[in-house]
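Undergrad: Sequence:
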Amino acid sequence: MQNIKSLLENIQALSVNVRHYMHKQIAILDLDITYEMVKVLFLLNDNESMNQQQIADLSLKNKASLTSLIDNMQKRDLVNRTEDSADRRNKIITLTSNGKETLKTVRPVLKKLFEDLYQDISSEEIEIMNKAMLKMSKVIE
1 MQNIKSLLEN
11 IQALSVNVRH
21 YMHKQIAILD
31 LDITYEMVKV
41 LFLLNDNESM
51 NQQQIADLSL
61 KNKASLTSLI
71 DNMQKRDLVN
81 RTEDSADRRN
91 KIITLTSNGK
101 ETLKTVRPVL
111 KKLFEDLYQD
121 ISSEEIEIMN
131 KAMLKMSKVI
141 E
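Using the working numbering, the first residue of the sequence shown is number 1, and each one after it goes up by one.
No lab work stands behind these hints: they were computed from the structure.
The model shown is predicted, which means the values in this text are computed figures rather than measured ones.
Mixed in with the good hints there might be a few duds.
Said to hold, decoys possible - The calculated SDA-like cross-link candidates involving lysine to any residue, where the alpha carbons are at most 20 Å apart (straight line), are:
{"id": "1", "residue 1": "K112", "residue 2": "N3"}
{"id": "2", "residue 1": "K138", "residue 2": "S59"}
{"id": "3", "residue 1": "K111", "residue 2": "I26"}
{"id": "4", "residue 1": "K111", "residue 2": "L43"}
Said to hold, decoys possible - Just the calculated beta-carbon pair ranges, DEER-fashion:
{"id": "5", "residue 1": "N51", "residue 2": "N3", "range": "37 to 43 Å"}
{"id": "6", "residue 1": "L134", "residue 2": "R76", "range": "14 to 20 Å"}
{"id": "7", "residue 1": "V18", "residue 2": "Q53", "range": "35 to 41 Å"}
The beta carbon of each residue, even a glycine, is placed where N, CA and C say it ideally should be.
Please build the complete structure, drawing on both the sequences and the hints.
TA: Structure follows, in structure tokens:
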């Protein structure tokens, strides 16, 4: 049981360290965005367009805090918000050209982060960690 507790603490510490690293890098790049915005930009880049509920589900944010985040991203011309023609209550979020350019600026920072994180870890070790985390996730679904 102690090993599981230690593993969960290490996962949490890694998450906090990644967040701090990204905040520092965003500040160095002098970008007017937050790490939370970066995560949404990457979600939209991977999915082209999404509604707010889909983004909330994938980013693990509640809809109210996501609405505020999307509002701020829209003010910075990172995303567009349009009504869904099939359901006017639904808002479709897409990247603007400025959002795409911001991603191009941030992408090398993430690439370097991942290279640094994985430099001393073999692909076999990554696969083992991934399988273990998936098993743990399935237990609590």
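Undergrad: All hints, please: hold or fail.
TA: Checked hints:
no.	hint	result
1	K112 x N3	30 Å, violated
2	K138 x S59	18 Å, holds
3	K111 x I26	14 Å, holds
4	K111 x L43	16 Å, holds
5	N51 x N3: 37 to 43 Å	40 Å, holds
6	L134 x R76: 14 to 20 Å	35 Å, violated
7	V18 x Q53: 35 to 41 Å	26 Å, violated
Checked against the numbered hints listed earlier, the structure breaks hints 1, 6 and 7; every other hint is satisfied.
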